[in-house]
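Novice: Here are the chains, one letter per residue:
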Amino acid sequence: MTPPAQTKAKVERSGQLAILRFEGDVTSTSKDAILGTYERLTPEIKEILLDFSKVQYLNSSGIALVIQLLMEAGKAQQKVQTFGLTPHFQKVFTMLGLTKYTSLHPNELAAKAAFGG
Amino acid sequence: MRGILAGIEQAATTELRLPSRLGFEKVAMSTAATVAELMGFSADRIEDLKTAVAEACINAIEHGNRLDASQTVLVILSMAENTLEVKVVDRGFGAGKKPIQAPNIDRKMHGEEDLRGMGMFLIQSLVDEAEWVSDQRGGSYARLAIHLDREKGASDDTSGPN
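Residue numbers (the numbering used here), protein chains in the order written: chain W, 1 to 117; chain C, 1001 to 1162.
Derived by calculation from the structure, the hints in this document are not laboratory data. Note that the coordinates shown come from a computational prediction; the quantities given were computed from them, not determined experimentally. Where is the CB? At the ideal position from N, CA and C, for every residue including glycine. Misleading hints may appear alongside valid ones.
[Unchecked claim] Partial list, computed: chain C residues near chain W (C-beta under 7 Å):
hint : residue
1    : E1047
2    : I1105
3    : K1108
4    : L1115
5    : R1116
6    : M1118
7    : G1119
8    : S1125
[Unchecked claim] No more than 27 Å apart at the CA atoms, straight line, and that leaves these computed lysine-lysine pairs for BS3-like:
hint : chain 1 : residue 1 : chain 2 : residue 2
9    : W       : K54       : C       : K1026
10   : W       : K112      : W       : K8
11   : C       : K1026     : W       : K8
12   : W       : K100      : W       : K75
13   : W       : K91       : C       : K1026
Just chain C, with the same shape it has in the complex (with noise of 0.2 Å):
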């Protein structure tokens, strides 16, 4: 049996307005936990997304909403059959168009490069889509998603020889 949406055409949504202080990710995590759940998603992939809004919110508080706390990060969990789509929204101008890199163990450990710095990379590789978005006018946003259809692997696989 598919999820809890499964049949359900339309996105549903679930919105989070978070103060703008370390520890309120943890709000976001949970709440995204329990959607991908009750979507059907596994629980690897559920732990990776926790991460992923964790730092998706940590970025969004700090460097967004620069710690105001009379500031507000909004969550929006956008639900489809087959997606989980999570926006985290913050009143920045964003992170720039610049390309994300691999964070360099060596150079950090040898004092070459900031021991900080991971989040982006580590959204990028635990979420099956991450984009960031800004305006120049203020607000920018980082979307998530995670495909249930990316669980199934080989074991849906029904390819063969023709």
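Bound-form chain W, shown alone (with noise of 0.2 Å):
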């Protein structure tokens, strides 16, 4: 039986710039909520925030799927910001390496700046 989606998704959108907002965990049956949020984007898209701050638990298998979706942002060489992890998920992420593609930002702020516009 598979249990039911946790993970709730909403786009803000402003010029080339979206933000991935979730909400809840992020787990293995957070497919549509991760990449099919992010797959729903126009092409227009450049500059993708993730917004993890109403995220109360990621799984190895949910951070796999961020993986997948920095994969696909690459491929069509958008730049990803990260915000609203918590520290431990920011040592988390930072073990896995994913920093290396994203950079974890305290608040919404600072990751829009990151982008330098």
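Given two chains presented individually in distinct reference frames, assemble the corresponding complex, making use of the accompanying hints.
Specialist: Here it is as structure tokens:
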């Protein structure tokens, strides 16, 4: 029996920037929320913010989906910044090497500023 | 003041029996966190333990018990004065004796390495002790342990020049 998906996602767009806001748990059941949301972005999006400030729990399967998003964004030459992770999950993201492909920021303002625009 | 088990010489245990359904690892996480808090572990260590316990339970649910909800994952928390040990038991044959490799993010990003398979690395990195034990007749467990005296670090370092 497949457990119900527990991740909510919404998108805010402004010009070439899209903010993907996630809420709930990020696990193996989050494929549509993480990848589906990304895949539904329109081609003019070149800058992506990932907002985890309302995510309470991530596991390695969920983080694998984030890595897959980063892969696809890299192929599309989109830049990705991440904010809102707890200090613990910032540590986990760093341990797993994701910080080579997305920078971690304490808040949305800092993440937006990192695009340098 | 030390944690609630200060002065207790014999290990006290708490056992959980979880259905092998994804999501139930959160029950083990919460229980482990509460026990660790009662023992006096810091918030940081508790977060590390929660993630490690979650990953161990997920492995047991997915791989050991093959997502068969009728099968049980047994989680045994053993508390001694200085150590919290968590055993996660399933009916599988274990992961074998392969060394645990750190995930290579570059290889993953280039499609040269499976995106998944990071759980055991996380477990090993987040707790003080981790081992995986299997029985050829079926049944295996992951044993995780964290120690209170590893919390103290430099603050209790009384070493100095002789």
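Novice: All hints are to be evaluated individually against the structure, with a verdict given for each.
Specialist: Now for the hints, and whether the structure bears them out:
{"no.": "1", "hint": "E1047", "verdict": "holds, 4 Å"}
{"no.": "2", "hint": "I1105", "verdict": "holds, 3 Å"}
{"no.": "3", "hint": "K1108", "verdict": "holds, 6 Å"}
{"no.": "4", "hint": "L1115", "verdict": "holds, 4 Å"}
{"no.": "5", "hint": "R1116", "verdict": "holds, 5 Å"}
{"no.": "6", "hint": "M1118", "verdict": "holds, 4 Å"}
{"no.": "7", "hint": "G1119", "verdict": "holds, 5 Å"}
{"no.": "8", "hint": "S1125", "verdict": "holds, 6 Å"}
{"no.": "9", "hint": "K54(W) with K1026(C)", "verdict": "holds, 17 Å"}
{"no.": "10", "hint": "K112(W) with K8(W)", "verdict": "holds, 22 Å"}
{"no.": "11", "hint": "K1026(C) with K8(W)", "verdict": "holds, 18 Å"}
{"no.": "12", "hint": "K100(W) with K75(W)", "verdict": "holds, 15 Å"}
{"no.": "13", "hint": "K91(W) with K1026(C)", "verdict": "holds, 20 Å"}
Checked against the numbered hints given earlier, this structure breaks none of them.
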